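The primary structure of each chain is shown beneath.
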Amino acid sequence: MSATWWGCCCFVCFLSSFVVGKEDFHEELYIKPFPSGDVLTYFQFTTLWSVDIRDKNAFSHYNLFPKSFGQIITKYSVEELHLSLTQGFWNTHLWGYAMQPASPGAELAVWFQDEVSQSIDKEWRSLTNVLSGQFCASLNFIKAENTASPNVSFRRRGVTSSKYNDSRTLRYSSLPREIVCTENLTPWKKLLPCDSKSGLSSLLNSLLIYKVKYHSMSINLRTICEDSECQVPLLELQQTLSIVTDPVLRSGGYDWSLRKLFGHSLRSSCPLATTSKVLVDITGNDTDFSFSLKPKPTRIILKAEEEPSRQFAVYNLKGKGKIPKLLSSDSGFNLVFKWKRRHNHVKVPYFFAHRFLTGYGEEHAGIQCEMYNHHKTASIKIVYFQVFPWHFRIFLHTLRIRINDVIIKPEYIDYVPSRDRERPTKLELALAVPPDSIVTVNLEFDRVFLKWTEHPPDAHHGFYLPSGVITAKLISSENTTFPTSHESLFSPSIKGTKTADNVIRMYTEVLLVPLPTPDFSMPYNVICLTCTVVAIAFGSLYNLSTKRLQEVDPREPTGILGKLKQKLLKLKEKLFPPRKSEDKQKDSKKND
Amino acid sequence: MAPDKGRRKFILVVFCFLFLFCEVYGASPDLTNVFSSKHTNNWAVIVCTSRFWFNYRHVANSLAIYRSVKRLGIPDSHIILMLADDMACNARNPRPGTVFSNANQQTNVYGDDVEVDYRGYEVTVENFIRVITGRLPASVPRSKRLLSDDRSNILVYMTGHGGDGFLKFQDSEEISSIELADAFEQMWQKQRYHEIFFMVDTCQAQSMHQEFYSPNILAVGSSKVGEDSLSHHSDPEIGVYVVDRYTYYVLQFLERVEPNSRVTIDELFQYTTPRLVHSTPSTRTDLFPRETQEILVTDFFGSVRNIELSNSTKLLIHESKHKVEHQNKPIPRPLRSLDNFPSEPEAVSEHFTFKFSSSFFCLLSLVLGAMGIHFYNLSVTL
Chain A
1 MSATWWGCCC FVCFLSSFVV GKEDFHEELY IKPFPSGDVL TYFQFTTLWS VDIRDKNAFS
61 HYNLFPKSFG QIITKYSVEE LHLSLTQGFW NTHLWGYAMQ PASPGAELAV WFQDEVSQSI
121 DKEWRSLTNV LSGQFCASLN FIKAENTASP NVSFRRRGVT SSKYNDSRTL RYSSLPREIV
181 CTENLTPWKK LLPCDSKSGL SSLLNSLLIY KVKYHSMSIN LRTICEDSEC QVPLLELQQT
241 LSIVTDPVLR SGGYDWSLRK LFGHSLRSSC PLATTSKVLV DITGNDTDFS FSLKPKPTRI
301 ILKAEEEPSR QFAVYNLKGK GKIPKLLSSD SGFNLVFKWK RRHNHVKVPY FFAHRFLTGY
361 GEEHAGIQCE MYNHHKTASI KIVYFQVFPW HFRIFLHTLR IRINDVIIKP EYIDYVPSRD
421 RERPTKLELA LAVPPDSIVT VNLEFDRVFL KWTEHPPDAH HGFYLPSGVI TAKLISSENT
481 TFPTSHESLF SPSIKGTKTA DNVIRMYTEV LLVPLPTPDF SMPYNVICLT CTVVAIAFGS
541 LYNLSTKRLQ EVDPREPTGI LGKLKQKLLK LKEKLFPPRK SEDKQKDSKK ND
Chain B
1001 MAPDKGRRKF ILVVFCFLFL FCEVYGASPD LTNVFSSKHT NNWAVIVCTS RFWFNYRHVA
1061 NSLAIYRSVK RLGIPDSHII LMLADDMACN ARNPRPGTVF SNANQQTNVY GDDVEVDYRG
1121 YEVTVENFIR VITGRLPASV PRSKRLLSDD RSNILVYMTG HGGDGFLKFQ DSEEISSIEL
1181 ADAFEQMWQK QRYHEIFFMV DTCQAQSMHQ EFYSPNILAV GSSKVGEDSL SHHSDPEIGV
1241 YVVDRYTYYV LQFLERVEPN SRVTIDELFQ YTTPRLVHST PSTRTDLFPR ETQEILVTDF
1301 FGSVRNIELS NSTKLLIHES KHKVEHQNKP IPRPLRSLDN FPSEPEAVSE HFTFKFSSSF
1361 FCLLSLVLGA MGIHFYNLSV TL
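From first to last, the protein sequence lines stand for chains A and B.
Position one of the first sequence corresponds to residue 1 (the numbering used here), numbered consecutively onward.
Position one of the second sequence corresponds to residue 1001 (the numbering used here), numbered consecutively onward.
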């Protein structure tokens, strides 16, 4: 009897282990001191759940994966999602290529599952609305008029089962004007298993993380494979936060520590996390000893297969060792970085881009995007992607692509013209930038005169042109903040699905374009003018037709002047009565 | 003897139980007067209608009220916060991530935990009226909805620039007092509130609540018609006024209020004297059935959950509606990864044809295999 009972129990346990997939949570902090003195702190929180995103029944039991987010992705049949909220502009010249490149403002790219391929636009509309509530951002302003589906620029980062290889299940939009502040970080933090109560997320003090040069938070969802044959899918939710701090502004010197950057030292690791690590890029320090790190790292990893090789100091916050002991001590774990010799030598990446406005006046304008390849031998393949909101009316015939002032034809061009108030202009170009040359892309547009009610409350501020997206295949991982990889974690505990391919993404500057604004007080002026005209014209006519003409005494003064003169005389008599009477009064006073 | 003793014990216990049952069920206590207020849930709608940096004080007003109601127990899910501009991370703010409603900078009213539901351009008259009347599109998430019912007490706080009979939104449109009164009437007809406390801090604030005609609304404005509402003080570090006078003294009053305190709305009205506020706060109590001396401040600013005691037993039957349907699931398509960078953009179609051809071969081999098995079976039977 008892044996069967135990058997049943075991069976139930066995079943439940199948029903509820394995969940893991990893927290990592990667710190890179730049030669310019700025410091990148990159938080990466990864939740891995062995569940198939297509299996909706599996999304009813949650352990570490955030339930509110899980419900959203199943409701709208999301396959892959990338959302970023960024403030500031990533300075490629000083900091190299970004780890988690993002356009200033809000950016959202979503791949939907095949089952909703007929109703994607509806799902997209609802999803943006729901995400706006989830992240307190105005993502509900993403509408058909600023949504595009880039064909080649955006590729899935995870694995897919879609039968479509093209971009029909992809929707992309960016809102360059979106402001990012604590109100967005609060819901983002609440998705983490430890919130900001313990672990690396306890460093996120909103008073200090917004006093920085650049900050970008993102949430990325994709499916990866647990095994090399891709039989078992693994859902990966990655929440990242990149912050670039200038230690000079913060504390007056180039040296930094966790306490200086975040206000306090680290006192715990998230108890729910499987790995909890801090990594510091110490490339080159073993040869020139330019800085010192305290305390001593748990181990040092050398990535020699990359070109150039890199070195990382790893602090393991879990397990047994000196660092976990430090965490529980009174002072906590405070990473101190001190420069010994700071060589202010910034190595500018050999490939970078720059975009600006051309033209003058209130009618026409243009943009010019310049892409520089300073490499002496290698040509670089790029894809340039740009969405123009419909209120910038683009002329395709003005598109000029020059390589060192010679007009060329791109290898691939995808152009979808805008439709007023319905969809934006989409431009996608693929070309190769030859070695040691500059590619310029020129395009002209008309500034549209919007309807009176279409202007925002601060129309004079101007309208934002979203960043252009450049996807490039570089020849080495030089100047990347971290070697490009497709793995979930920094320290590869999970087998990657792809090898490093040196594909980077860059965002050009967001441009602020003033559109012609009407005189908003015009209706009031019109009302005032009309009233005056009516009063004068109609009033006098009315007077003429209703008043009776009467005979006037000719001795009476006529005209306004005469009347006025008479009135003044009367007033004078009142104020200054004739002398005689005055004397009489005086006499009477005397008599009294 | 021994079993007899046990039986006696048993009977005694049974009698005890019966007695207790009679006590509980027999004497039905009159529970109608246990709670003075009949609400079961609290909501707050806090609106700042002003854009631009120089209107910093309006955002600070709203956030300070938001902090107070949150401190007194209304959760974020029951607060609709509308801020027409971002002050905390404004480029002009030398202290990013902070909003102070006092120049001494003691409490950052923006804080570390804040959820703004409607922000920037979303704060429009249309959205405000849609939120309070509940006429929102289906896709709007719960956090952006006022999900109140006929047992909800709602605090509506508005601040901005106004005039006789209107309140400006974003310096581009305005809500008139008649529109607002009609919206509240719509709420009443849809049973969206039990009681409303309407507080408005703007110039000529009295005009905003003069037109109300729906029952159970208690209203207070910072000034009379024809009067201006003034700001309290400026912060020389940021160069703008940080709080309005009326809100400043309301906040000062709310500082003393605790979730369990018995402070009444009447005391609040008495506290904000014209001498302090420099304008005459105008109240409207004729629509409200209770006396202001009986209304607790926490009826609106707090979230005091009243428990309803019922004399009748109610059976709560749970029927699992969500039956897991064990369908014959189609075999999911295999997973594969795609190139991260298109080697040749035109190559997409080639890839597709390759896929097509491979699937074709798969099918062909399957068919051939099936045929082979069939023939083999046939031969065996023969």
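Check before you lean on any hint, since a few could be wrong.
To be verified - Simulated coverage check for chain B against chain A, where a stretch passes if three residues somewhere in it have a Cβ under 8 Å from a Cβ of chain A: (1) 1170–1183; (2) 1200–1212; (3) 1281–1295.
Stated by the list, open to error - Distance ranges between label pairs, derived from CB positions: (4) A:Arg-393 - B:Asp-1286: 34 to 40 Å; (5) B:Arg-1336 - A:Met-522: 57 to 63 Å; (6) B:Lys-1038 - A:Lys-190: 54 to 60 Å.
Worth flagging that the hints you see were computed from the coordinates, not collected in a lab.
Being a predicted model, the structure only gives us computed values, none of them experimental.
Where a beta carbon is used, it is the ideal one built from N, C-alpha and C, also for glycine.
How the hints compare with the structure:
no.: 1; hint: 1170–1183; in the structure: holds (count 3)
no.: 2; hint: 1200–1212; in the structure: violated (count 0)
no.: 3; hint: 1281–1295; in the structure: violated (count 0)
no.: 4; hint: A:Arg-393 - B:Asp-1286: 34 to 40 Å; in the structure: violated, 57 Å
no.: 5; hint: B:Arg-1336 - A:Met-522: 57 to 63 Å; in the structure: holds, 60 Å
no.: 6; hint: B:Lys-1038 - A:Lys-190: 54 to 60 Å; in the structure: violated, 33 Å
The earlier numbered hints that this structure contradicts are 2, 3, 4 and 6.
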